[in-house]
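Colleague: Quick mapping for you: the protein sequence lines, in order, are chains A and B.
Numbers in the numbering used here are just positions in the first sequence, counted from 1, shifted up by 4.
Numbers in the numbering used here are just positions in the second sequence, counted from 1, shifted up by 4.
Be aware that one or more of the hints could be misleading.
A pair counts as met if it fits within one copy or between any two copies, since identical chains are not told apart.
Once the Cα atoms are required to be at most 30 Å apart in a straight line, the calculated DSS-like pairs of lysine-lysine come out as [claimed, not checked]:
id: 1; residue 1: Lys146; residue 2: Lys10
id: 2; residue 1: Lys169; residue 2: Lys19
id: 3; residue 1: Lys163; residue 2: Lys11
id: 4; residue 1: Lys163; residue 2: Lys69
By construction, these hints were calculated from the structure, which means they are not laboratory data.
Protein chains: 2
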Amino acid sequence: MEKTSKKVEISLRAKEMPASPIRKTEPYATAAMKKGLTVYGLNVGQPDIETPPAFFEAVRNFPGKVVAYQRSQGDLEYLEALAGYYRRCGYDVSEEDIVVTTGGSEAIIFAAQATTSVGDEIIVFEPFYTNYNGYAVMCGVKLVPVTTRAEDGYHLPPKKEIASKITPRTRAILVCSPNNPTGTVLRREEMEMLAEIALEKNLFIISDEVYREFVYEGEHTGILELPGLEDRAILMDSISKRYSMCGARIGCVVSRNRELISACIRYGQARLCSPTLEQHGAIALTRLPGTYFDGVRAEYRKRRDLTIDALQRMDGVMCRKPKGAFYVMARLPIDDTDEFAKWLLTDFHVDNETVRVSPGAGFYATPGKGKDEIRLAYVLENKRLERALYLLERGIKEYNRTQVD
Amino acid sequence: MEKTSKKVEISLRAKEMPASPIRKTEPYATAAMKKGLTVYGLNVGQPDIETPPAFFEAVRNFPGKVVAYQRSQGDLEYLEALAGYYRRCGYDVSEEDIVVTTGGSEAIIFAAQATTSVGDEIIVFEPFYTNYNGYAVMCGVKLVPVTTRAEDGYHLPPKKEIASKITPRTRAILVCSPNNPTGTVLRREEMEMLAEIALEKNLFIISDEVYREFVYEGEHTGILELPGLEDRAILMDSISKRYSMCGARIGCVVSRNRELISACIRYGQARLCSPTLEQHGAIALTRLPGTYFDGVRAEYRKRRDLTIDALQRMDGVMCRKPKGAFYVMARLPIDDTDEFAKWLLTDFHVDNETVRVSPGAGFYATPGKGKDEIRLAYVLENKRLERALYLLERGIKEYNRTQVD
Chain A
5 MEKTSKKVEI
15 SLRAKEMPAS
25 PIRKTEPYAT
35 AAMKKGLTVY
45 GLNVGQPDIE
55 TPPAFFEAVR
65 NFPGKVVAYQ
75 RSQGDLEYLE
85 ALAGYYRRCG
95 YDVSEEDIVV
105 TTGGSEAIIF
115 AAQATTSVGD
125 EIIVFEPFYT
135 NYNGYAVMCG
145 VKLVPVTTRA
155 EDGYHLPPKK
165 EIASKITPRT
175 RAILVCSPNN
185 PTGTVLRREE
195 MEMLAEIALE
205 KNLFIISDEV
215 YREFVYEGEH
225 TGILELPGLE
235 DRAILMDSIS
245 KRYSMCGARI
255 GCVVSRNREL
265 ISACIRYGQA
275 RLCSPTLEQH
285 GAIALTRLPG
295 TYFDGVRAEY
305 RKRRDLTIDA
315 LQRMDGVMCR
325 KPKGAFYVMA
335 RLPIDDTDEF
345 AKWLLTDFHV
355 DNETVRVSPG
365 AGFYATPGKG
375 KDEIRLAYVL
385 ENKRLERALY
395 LLERGIKEYN
405 RTQVD
Chain B
5 MEKTSKKVEI
15 SLRAKEMPAS
25 PIRKTEPYAT
35 AAMKKGLTVY
45 GLNVGQPDIE
55 TPPAFFEAVR
65 NFPGKVVAYQ
75 RSQGDLEYLE
85 ALAGYYRRCG
95 YDVSEEDIVV
105 TTGGSEAIIF
115 AAQATTSVGD
125 EIIVFEPFYT
135 NYNGYAVMCG
145 VKLVPVTTRA
155 EDGYHLPPKK
165 EIASKITPRT
175 RAILVCSPNN
185 PTGTVLRREE
195 MEMLAEIALE
205 KNLFIISDEV
215 YREFVYEGEH
225 TGILELPGLE
235 DRAILMDSIS
245 KRYSMCGARI
255 GCVVSRNREL
265 ISACIRYGQA
275 RLCSPTLEQH
285 GAIALTRLPG
295 TYFDGVRAEY
305 RKRRDLTIDA
315 LQRMDGVMCR
325 KPKGAFYVMA
335 RLPIDDTDEF
345 AKWLLTDFHV
355 DNETVRVSPG
365 AGFYATPGKG
375 KDEIRLAYVL
385 ENKRLERALY
395 LLERGIKEYN
405 RTQVD
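One chain only, chain A, in its complex shape (with noise of 0.2 Å):
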């Protein structure tokens, strides 16, 4: 067999393809862990919330001896479930208006490929869930990004300056309430903006909803009970959050545009289905009180007191306190934070313990931004997350001392 000389080259898109700013620092972490550090995960949004018994319970009681292919829009029993929490929620759809995906992920992938050609734009607001940009890619679609700043509370800039980014190729408005990663709740008056928009320029608004639950003053606004965007919301939503399942891979999208419907049903077709012991398990989660999501949002708002308040005492950092979700971005005296989370690993530590955070350029699309920012996820218990603060603050002083010899 004769060799070519020629070396075979990967495609540019996959080139192109970005490392998840959350995850991209797992090599050094996992060298940190080989040497016997421990590492506080402040990067990613895996709370330590135990996962509702009643799943295990369920899975462990699935009633089949094969784990065979669920149907591609989802387990008959599970949409009728979903479709009675979305009910509960105030959102008038039906088991028809649903198709599972696997995780938010799939959703949002769905989404886009429904609502755009190669070569389309979706508005966001920046700082934005970093992963957009990774489904950007694989979608072909170019994001525009919209900042909001943290001087505003990362709420909604005015109307003008948003349809100021609408071009004949724009397509959908992304937005994400409680966000990621900022945690900031919007008022109803800004999704009630976006919905005009939205009309007025004929575009689709697609809804991350992942932390509806978690909202610790003000109330969520979900996209489905505006009125007059039938054919134009996509509500995309994931149970990784709402019952610390984030390995589960179970979530969704909604929609009472049947045409849209219909398209994902065919992308999930494509993939045959969403894992099935996953979906018999997430049954029984439709069926815990709404008093469970009490327990959980004082736990998460303890954390995130606790996270404001050292974020604030320290030397040099600013952050604002975030209404909901459980994340908030802090700006560091540090110039360069994508070094600084991987030193953190490298180089640093106390005691053998050391922390990982998420560096904030990632999140944005504008080229420079959030440089001087990083993402924390308050998803561990207190005493943990108050060594984990502890670690940062000794990081960031031996940092910049480090820096300056």
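Following the hints, complete the assembly by docking chain B onto the known chain A.
Modeller: Then chain B, alone, in the frame of chain A:
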């Protein structure tokens, strides 16, 4: 809020997204079952073989209290176990050459994204696994078909015929052996011919080998066995069929091209992880003795013989005896099997029982081909399989009678 008069349109690529021919009859099947009919499913490769109890046991004994995110590349212990499995297959790979995917479906998407840009071409041999069409639309890739023919046992055509389809935009050859939907097992010389073409034309080879263990005559040749392909051979795999775990959604991409694996890990980071519980359970499956497959293989061989005998006895039906996987393409004395597959569910039954099949056209990329063919999956135990084939025979006769009337 002023309502625009315009209707918001889903994207062109969403409109182009094909329904799976394997699954598009679902509404009719559901309606038939609601009417009280028993529907024998020969349409989908969903084995009734029991999932090994070791999987359920491992899941029941999942050590954590939180179903947390797994690593994006995959559970370390599972990656090591998988590398062991492949080394037992005779492939020289380590865990660093593997990325766990959410089903074989995601493995195809990652491989297609990593090797092509929008508008690029991949050579496929038709009839091919119909869902390749869906991935192609999602990835903006053109599938260029090379037709294989029943008369040749669906073996590959001569090298020059394949080479003649290669253009400057061709980036990869996608091959599947043992084949879905034909059951053909490619000979070593055929795989070597593809390797030669890939080297001469500087292409990737993406090899779908999810039926590796299901070979009844002849021998499987894995792409990773062939020398000289280190940078261009991509194995895509799944445990769905191997262990009767279709609903678990666990597959993988394997390649010794580290740049490609790095891209797949970045795709993996965008969707966070594959299901945690199932990866944990799958570790146990890699420890099953090799004899496990002897029993399963003997069972499928019996089903194959029964299926082919029955088909070859039917008037006007033509098929080849496949050597692997658990599918067969059969030509029926019917012009439009799309209509026929629907009719079986809407207008036909014998004693309240009917059968579901996959129409053939969706397994071809060349327009017009496959319209008189169906794909059958012999995945039911003998008694039910016999009954299903009897229903098919009766159905063909009755359908042709109604067409004449």
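Colleague: It remains to establish, for every hint, whether it holds in the given structure.
Modeller: Evaluation of the provided hints:
{"no.": "1", "hint": "Lys146 / Lys10", "verdict": "between (32 Å within a copy, 24 Å between copies)"}
{"no.": "2", "hint": "Lys169 / Lys19", "verdict": "both (28 Å within a copy, 27 Å between copies)"}
{"no.": "3", "hint": "Lys163 / Lys11", "verdict": "between (51 Å within a copy, 22 Å between copies)"}
{"no.": "4", "hint": "Lys163 / Lys69", "verdict": "neither (56 Å within a copy, 45 Å between copies)"}
Hint check: a violation occurs at hint 4 only; the rest are consistent with the structure.
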